[in-house]
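Given the coordinates of chain A, work out where chains B, C and D should sit on it, guided by the hints.
Below are the chains, spelled out letter by letter.
Number of protein chains: 4
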Amino acid sequence: MLKAGVVGATGYTGVELIRLLLAHPEVELARITSRSEAGRPLEVIFPNLRGCGDLRFEAPEPDRLAACDVVFFATPNGTAMQWAPELLEAGTRVIDLAADFRLKDPAVWERWYGMPHACPDLLEEAVYGLPELHRERIRSARLVANPGCYPTAVTLGFLPLLECGAVGAEDLVADAKSGVSGAGRKAQVHTLLAEAGENFQAYAVAGHRHLPEILQTLREVRPGAGLTFVPHLLPMIRGIHATLYAGLREPVPDLQALYEARYAEEPFVDVLPAGAHPQTRSVRGTNLCRIAVHRPQDGDRVVVLAVIDNLVKGAAGQAVHNMNLMFGLDERAGLHAVAVLP
Amino acid sequence: MLKAGVVGATGYTGVELIRLLLAHPEVELARITSRSEAGRPLEVIFPNLRGCGDLRFEAPEPDRLAACDVVFFATPNGTAMQWAPELLEAGTRVIDLAADFRLKDPAVWERWYGMPHACPDLLEEAVYGLPELHRERIRSARLVANPGCYPTAVTLGFLPLLECGAVGAEDLVADAKSGVSGAGRKAQVHTLLAEAGENFQAYAVAGHRHLPEILQTLREVRPGAGLTFVPHLLPMIRGIHATLYAGLREPVPDLQALYEARYAEEPFVDVLPAGAHPQTRSVRGTNLCRIAVHRPQDGDRVVVLAVIDNLVKGAAGQAVHNMNLMFGLDERAGLHAVAVLP
Amino acid sequence: MLKAGVVGATGYTGVELIRLLLAHPEVELARITSRSEAGRPLEVIFPNLRGCGDLRFEAPEPDRLAACDVVFFATPNGTAMQWAPELLEAGTRVIDLAADFRLKDPAVWERWYGMPHACPDLLEEAVYGLPELHRERIRSARLVANPGCYPTAVTLGFLPLLECGAVGAEDLVADAKSGVSGAGRKAQVHTLLAEAGENFQAYAVAGHRHLPEILQTLREVRPGAGLTFVPHLLPMIRGIHATLYAGLREPVPDLQALYEARYAEEPFVDVLPAGAHPQTRSVRGTNLCRIAVHRPQDGDRVVVLAVIDNLVKGAAGQAVHNMNLMFGLDERAGLHAVAVLP
Amino acid sequence: MLKAGVVGATGYTGVELIRLLLAHPEVELARITSRSEAGRPLEVIFPNLRGCGDLRFEAPEPDRLAACDVVFFATPNGTAMQWAPELLEAGTRVIDLAADFRLKDPAVWERWYGMPHACPDLLEEAVYGLPELHRERIRSARLVANPGCYPTAVTLGFLPLLECGAVGAEDLVADAKSGVSGAGRKAQVHTLLAEAGENFQAYAVAGHRHLPEILQTLREVRPGAGLTFVPHLLPMIRGIHATLYAGLREPVPDLQALYEARYAEEPFVDVLPAGAHPQTRSVRGTNLCRIAVHRPQDGDRVVVLAVIDNLVKGAAGQAVHNMNLMFGLDERAGLHAVAVLP
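Chains as they are written, first to last, in numbering that gives the first Met the number 0: chain A, 0 to 341; chain B, 0 to 341; chain C, 0 to 341; chain D, 0 to 341.
One chain only, chain A, in its complex shape (with noise of 0.2 angstroms):
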């Protein structure tokens, strides 16, 4: 069994983890920590883990960590960079399910994230944990960055289309939409019941966090990649949808097949029948990412849908899935869940 600590454990990532962590047939959770929270038990924050064992928050404590076979922080940006050199000092591997080690270049990082790195050096290091790309570099990981909710989905919907390289890269839109949860349970005013309810809106056109980070990925796939990035906030819970736009540049006979093909082995991305539209609750508590692929009319304009569900494939299960990956594990250990409809 291996022995896995959660460091923040009081968000909904931080919950999601324990979750799948205590369910998970090879995983002794030992430690998750909470500072703010240290002392009480599971269920007072998360009255769903209630009767599932004793586990209490604690402060964190480097020594006791760095017992732990693997550490995720499900911390805000800007915690995980204080704590990873020493726990991978200790033979500890760490996965990061915030932003610290997702971006290659030090000075990308700062501008967008307002603070300095606090360990530059392990960038290079890191692996950017998107299985579907990065599968045999995460197996030898010592530091993986989990990818963020939008990036994603956003990636996994375009990679097929810049893999076959028919599609003009330079111009691609993604329209995403997240559910609330995507940010976090935090004691804000915007993402009250009474201020998000009942209500659709845009959000940080001029310029999200989440778009250097997707650019970084389509541009090692296909460099010289432009994308326009457009989150909203939807009015429900859980789950993104990720409708992306892009133009054909020269034929392909059959997108549907060039889907189908790429993610043939993938256990976590299922590409649905041609002429189908993914559903965010299809998804929702699980670990997969849903894929439809149209050409309306059969003009230039290619349109993928791709929905997960942001505290899962986009955070949480994603994470286990990379540790799977990481300690040889069956890729799908604990990650069988069925979302639950309706």
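It is possible that part of the hints are untrue.
[Claimed, not checked] Facing chain A, according to a computed beta carbon distance under 8 angstroms, are these residues of chain D, among others:
(1) Lys176
(2) Tyr202
(3) Leu233
(4) Pro295
[Unchecked claim] Computed, partial: chain B to chain A, Cβ under 8 angstroms:
(5) Tyr11
(6) Val179
(7) Gln187
(8) Leu191
(9) Ala193
These are calculated hints, taken from the structure and not from any lab test.
The C-beta atom is built at its ideal place from N, Cα and C for all residues, glycine as well.
Same frame as chain A, but now just chains B, C and D:
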């Protein structure tokens, strides 16, 4: 034109009051104050009010407020009592939408609100502004304590039964449900969409601050009245539904007629036909209380269903109604809105 | 492996049952039937189940169903009673999730359900499948009437009080609230999102079909029990919250201990600590009933709060629990899910 | 006072039209018709309108309708075209809120609506009632085709860009999202709260009936315009948000000024300050379209955000606006409502 001011205008009660006063044919909304937002235009906080004039929040200033004919306090509990004596002294009438002047007994107030009362001598004078019960006293009041949202729905629902004396008043039950806007526009976790959406629960079963307020009014009508009051949080924005239970002690020939007669002249209480079930959406955005009275299986138990919009009849609309009474205006002035459905 | 069949598998109870049975370690889901959808694959109706095997709906055929060890009816009222005699004859055990076998008195059944009963002689034999009350009889039952959703929550909430005899059983109140999935996956107006969203109302105050069902069980425990039952429709998908009121007739030293003792051995009833307020989301997707017991202001009124997922403990999960008992399996088999939160 | 009639008054467009006309200072709502509800009072279908007079639904009668000055059709597609010739003949003006007269080419209409057109000769005369584009023609029209909800938001968003000619009009993208009230008050499964709540998806990507309608108008302004149109279903009741993408072909010195100038005199189009993100709730229940224009990272891609209430500016409110124009009334008459927030 009456000159009106609103203190503490950045909450949900505040925005609703501003919306109603801006459209009121006899009122000039002269001042809206907020310490935190002083200098900012109204539309920055409330995008629905963009285009409704050039009002800006200003810091509260006693002199400027005293130049108004009436000042509404849409502030947290404990604020109006700091300001009321000076304003009344200056001849300005005061309507407090918070709880400072609702309870007659300062000891009870201090126990439930956890602070000493700043002007207990005004408690006797203050009129509890439920027009259906205190219309005449409101007309001549200098200081009105606007009722709480739950107390409005619960009291209007029980009133005809208690006045007729046919029920066991010592053992009433009020099972009340409120939309989350009742909790205000405050940065807090438990009313986030991700917490309160797709969820339902009771709260404060051990004792809610509206219990002594309701009891005070019920006992004014029927000494010895007793109440079990259980509030619940609904996964929606606006609306209160009170489901009320009382035991008949003696026969009432026609409950329906009793309710219809009691409220026949009331402009804002609508007794539905026998057998009806009022919907909260049917009063959304309006100052109406819709009520239905049932006697299931012709037994001894009376069930009353009462709905209001917690921010209108339960707060800002009732405050405007009180103002209309205090200044001799048409009771309905500014309160003609019909609910938008769906 | 048990061979199981589900008749009428296209409703919400059906999909939940299929989801649970597909993941059950001791069951092979052999047949799912639907007249209207015969021939279509499961995923066309339920996109969450895409990838969960190759099941297709088929038209119901007595012979094929009789080849199952157990057949579940997730059909409208009045269907199971047409099929049960033949299946029982063939040695197949039957669990009806509709109401056909819930009431012992055929005259009462016919009055509330508006049709003659097809096999009133089976009513006596049928076991009302509330494991917390009838565990031993369920173990040997051929025919189980799975309880209704409201009756499950209300009965479990009242049970310890009635068994101890300290409350006035003739005058109970159950104020119950249900998510709209309780109304089923039927094309109808009143449960459209545009009708039931942002709205709340009571319904069927004059008399709901679950009233005689609850009364039958309460009177089995405490003859003479009487109940006022008021159901309400919540603007959300899943979950029932029952708020129960009873008057103490004699002192009970420790209500909390009473409840904890009553349910100490029950795998699916969780008595919360004193003072708690259960949330429906804490049981969503699970077979749990969470209960809290209160005595506000130490008065004579007991308030019990009970929450379930109407489609799991209130339907499909309880049916699986009953199956586990009938076939001597681990009671918890297939029912380990933890609620997904938020 | 104008005498107005509403045919097919039991849908959401109907109730909204009735609500607006009842409050309109220059209109007497003389007749509301519905075959299915003939004889029933308004409040039975729409509880919000209880207390708003004694109107009853009646069966549609040509003579009675012809006695009105104006008749609105809030009927399914294919109805207004049966009645319009006779009413126009009688001198009654007609505003169709359905699609019967929106497309100029009867062949295109028949392809998208799947039935022959009953009076193709009227298509030429019918004025497409988008006041911001066709104000003068509407003033003198006998027959107005009220625009669809998506077309209103999309067209108003693109209009200034197309008129100025600086964008590549042949390759526009409209990613549009609508609340479920757009699907009408029809008994159907996919808009049940249990289906559409907590869910998000695209639909009709292959081709939606509003596509030819939008294209017709865009091409009127800019021949050769092309559009990819992807509608999505939001888990909320009211509101449309159109996110529009266009590529700049030549420099525009100030997009903000372009939009502000274009709509400076429009009473119902509000261009937000630079950098803003309009919220659907800010226009709920109102006839406003709020628009923001962005140019992310100062690139060549323009992003326009436009919000309307699909039932008001997208249907009933725009119809009243058209009526005001047709009869020489103040354009704003009856359309002063401010959105209720929260």
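Taking the hints in turn, this is what the structure says about them:
no.	hint	in the structure
1	Lys176	holds (6 angstroms)
2	Tyr202	holds (5 angstroms)
3	Leu233	holds (6 angstroms)
4	Pro295	holds (6 angstroms)
5	Tyr11	holds (7 angstroms)
6	Val179	holds (5 angstroms)
7	Gln187	holds (5 angstroms)
8	Leu191	holds (5 angstroms)
9	Ala193	holds (5 angstroms)
Checked against the numbered hints listed earlier, the structure breaks none of them; every hint is satisfied.
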